[in-house]
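Sequence order for the protein chains is A and B. Heads up: the first sequence begins at 1 in my numbering, then just goes up one per residue. Heads up: the second sequence begins at 1 in my numbering, then just goes up one per residue.
Listed next, with one range per pair, are the computed distances between beta-carbon atoms:
| id | chain 1 | residue 1 | chain 2 | residue 2 | range |
| --- | --- | --- | --- | --- | --- |
| 1 | B | Leu378 | A | Val42 | 26 to 34 Å |
| 2 | B | Trp220 | A | Val42 | 34 to 42 Å |
| 3 | B | Lys371 | A | Phe25 | 48 to 56 Å |
| 4 | B | Arg420 | A | Ile14 | 48 to 56 Å |
I should point out that these hints are in silico values taken from the structure, not numbers from a laboratory. These numbers were taken from a predicted model, which means no experiment stands behind them. We put the beta carbon where it would ideally sit given N, CA and C, even for glycine.
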Amino acid sequence: MRSLLQIISLSMLILTVMFPLLYLFDAVNESTMKGAILAVTVVWFVATPLWMKWEGQDSAD
Amino acid sequence: MSNANYSAPAAAKPAVGGGEYERSPVPEKARLGFKSFIGMYAGEHTAGTELMIGPLFVLAGVAAFDVVVGLLIGNLLAVLSWLLLTAPIATRVRLTLYCHLEKIAGRYTVILYNLANGLAFCFLAGAMITVSATAVGVWFGFPLPTLADLLPNSLGWVLSVIGVGIVITLVAAYGYRFVSWFANIAAPWMVLMFLGFGIVSLKWFIDATGAEASSASDLWMLAETAIWTGVEVPGQPSFSIWHVIFFAWFANMAMHVGMADLTILRFARKSWYSIASAAGMYVGHFMAWLSASMLFAFQMYEAGLTSDTAVIAASEAGQIPNPLPGPLADQALGVAGLICVIIAGWTTANPTIYRAGLAFQAIIPTVSRFKVTIGTGLLTTFVALFPGVAMQLLGFVALYGLLLMPIGAVIFIDYWVLPRLGLKSFYAEHAGHKFTVPVIGTWLITLVICLFMAKFAGIEIFFVALPGWFIAAALFIVLSFITQRQRTEQGDRSSVKAGRSTGMASSVSTQEST
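Whole structure, please, built from the sequences with the hints as guidance.
Now the structure itself:
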C-alpha cells in the first residue's frame with residue numbers, strides 16, 4: 001500500500017511539471033492546464049500524508 | 001532570504017536542528033549524512049519571499065546577462081561561504097551558535113543577539129504573511145496594496161492580514177510540529193510549482209512576442225529583449241550584475257557569514273556536506289527567483305513597459321504593475337497557484353515566528369514559550385499590515401544580513417586567529433564574564449561604520465557587508481588584544497601584590513617566631 005501511495009505521489013510531482021510543459025508546447029490549453037494542476041495538487045496532498053510519517057505530538061509548552 | 005533568509009528557515013530544519021545537544025557537542029551517534037542536508041536546504045530556501053524577490057529584480061532593472069550570471073556567481077559565493085567559513089567551525093566545535101557565542105561573548109551578549117535576531121525574524125515573517133495575504137485578496141476581491149503603498153490601503157487588506165496572521169500565530173504556538181510535517185509534504189510540490197510559474201510565463205512571452213524558441217540562442221534573445229530588458233523603475237534600486245552577485249551572496253548572510261548555521265551544520269559528519277546548501281541556492285535562489293521574476297516581467301511587457309520612456313511615463317502616472325505574488329500566481333496556475341502562495345507563506349512564516357519566539361523567550365525565560373510565541377506572532381502580524389516592508393524586501397534582506405554579520409566575523413577570528421596571536425579563544429568562559437567589550441564593541445562599531453558608509457559614503461547597502469566583515473575582524477583582534485593584555489597585566493600586578501604580601505607575612509611570622 002505504502003509503495004502504491006509513493007508511486008501516486010511521484011506521479012503527481014511529474015504531472016505538476018508535465019502540464020505546464022504540455023501548455024508550453026500547445027498540447028493543452030490554459031484552462032485545462034490550470035484545472036489539471038489543481039487536480040494534481042489535491043491528489044498530492046491527499047496521497048502524500050498517508051505515507052509520509054507524522055512524527056511527534058504538538059505541545060503548547 | 002528565503003530568507004530569506006533571506007530567506008526564511010523552513011520547517012524541515014528541526015530534523016537536524018532539534019533541541020538535543022544544546023549545551024554539549026553533538027556526539028558521533030547523532031551525526032547525519034549528506035542526504036539530510038540536501039532536502040533541508042532545498043526546502044528551506046524555496047519560501048514565500050522568493051515570490052517577492054523575483055519581481056523586485058525586474059523593478060530594479062536587471063538585464064538578462066546580469067541576472068542569470070549574477071545569480072550563478074552570487075549563489076556559488078554563498079555556497080563557498082557555508083563551505084569555507086561556517087562548516088569547518090561547525091564540524092570541529094559542534095555547538096549551537098548560542099552556546100558558541102556565549103563562550104566567546106558571555107550570556108548578556110547572547111541576549112542582545114537574540115533580541116536583534118528575533119526582531120529581524122519578525123520582519124521576515126511579516127513579509128511572508130504579506131505574501132499569503134495577497135493570495136487571500138485575489139479570492140475576496142478587495143483592493144491590494146500598490147508598489148507605492150507603505151501603509152495598509154483598505155479595510156479588506158487589514159482584515160486579511162489579521163486573519164492570516166492570527167491563524168499562523170496560533171498554529172506556531174500550538175502546532176509547530178504539525179506545520180513542520182506539513183511543510184515537508186509541501187516542499188517538493190512547491191518547488192515544482194515554482195518551476196511551473198517559469199514555464200507558463202515563458203509560454204506567454206513566446207506567444208506575445210511571436211519569437212522563435214527552437215534553440216538556446218533563441219531563448220537567450222527572448223530573455224534579453226523581452227524578459228529582463230534592463231529598464232529600471234524610478235524610485236526602485238538600480239541593479240547591475242554586481243548588485244545581483246552581492247544580493248545573492250548575502251541574502252542568507254546571517255546563516256553563513258553570520259554563522260547562524262553552526263546550529264545546523266554541527267550535525268554534519270563531514271565539513272563538505274555543507275555544499276548541500278547548493279540545492280537551496282540553485283533551486284530557491286536561482287530557479288525560483290528567475291521564475292517569479294518572469295511572471296512579473298510579463299506584466300511589465302504586457303503593459304508595454306519595455307523602454308525607459310514608457311516606464312518613466314507609467315511611473316509618473318502611477319501605472320506600474322504591482323509585484324504581488326497572489327495575482328501573479330493566480331494568473332499563471334490558477335487556484336493551485338494561489339494555494340502555492342498561501343502555503344509558501346504559511347509554512348515558512350510559521351517556523352520563523354517560532355524561532356523568533358524562542359529568541360525572545362531566551363531573554364525572558366520566566367514567560368512560557370506559548371505566550372511569547374503569541375506575542376511574537378501578533379508583532380509579526382502588525383509588521384505585515386504595512387506592505388512597504390515586503391515592497392522594500394531587497395533592502396531589508398541586505399540590512400538583516402549586515403546586522404548579524406559582525407558576530408560571524410567574531411566567531412571566525414576567535415576560532416582561527418586569536419590562538420595564533422597568543423590570545424585566548426572563548427574568552428568570556430575563561431574570564432567568567434557575562435559580557436565582553438571586544439564583542440559588543442566590534443558589533444556596534446562595525447554597524448555604525450557600515451551604516452555610515454551606506455548613508456554618507458555613497459556605498460550601497462548591498463555592498464557594505466564585505467568591507468564590514470574585514471572591519472569587524474580587525475576590530476575584534478585589536479579589542480581582544482587590549483582587553484586580554486589589560487587582564488594579564490592586572491593579573492601580574494595582583495600576583496606580585498599577593499607575592500609581596502605573602503613575603504611580608506612570612507617574614508613577619510619568621511620574626512615573630514624568632
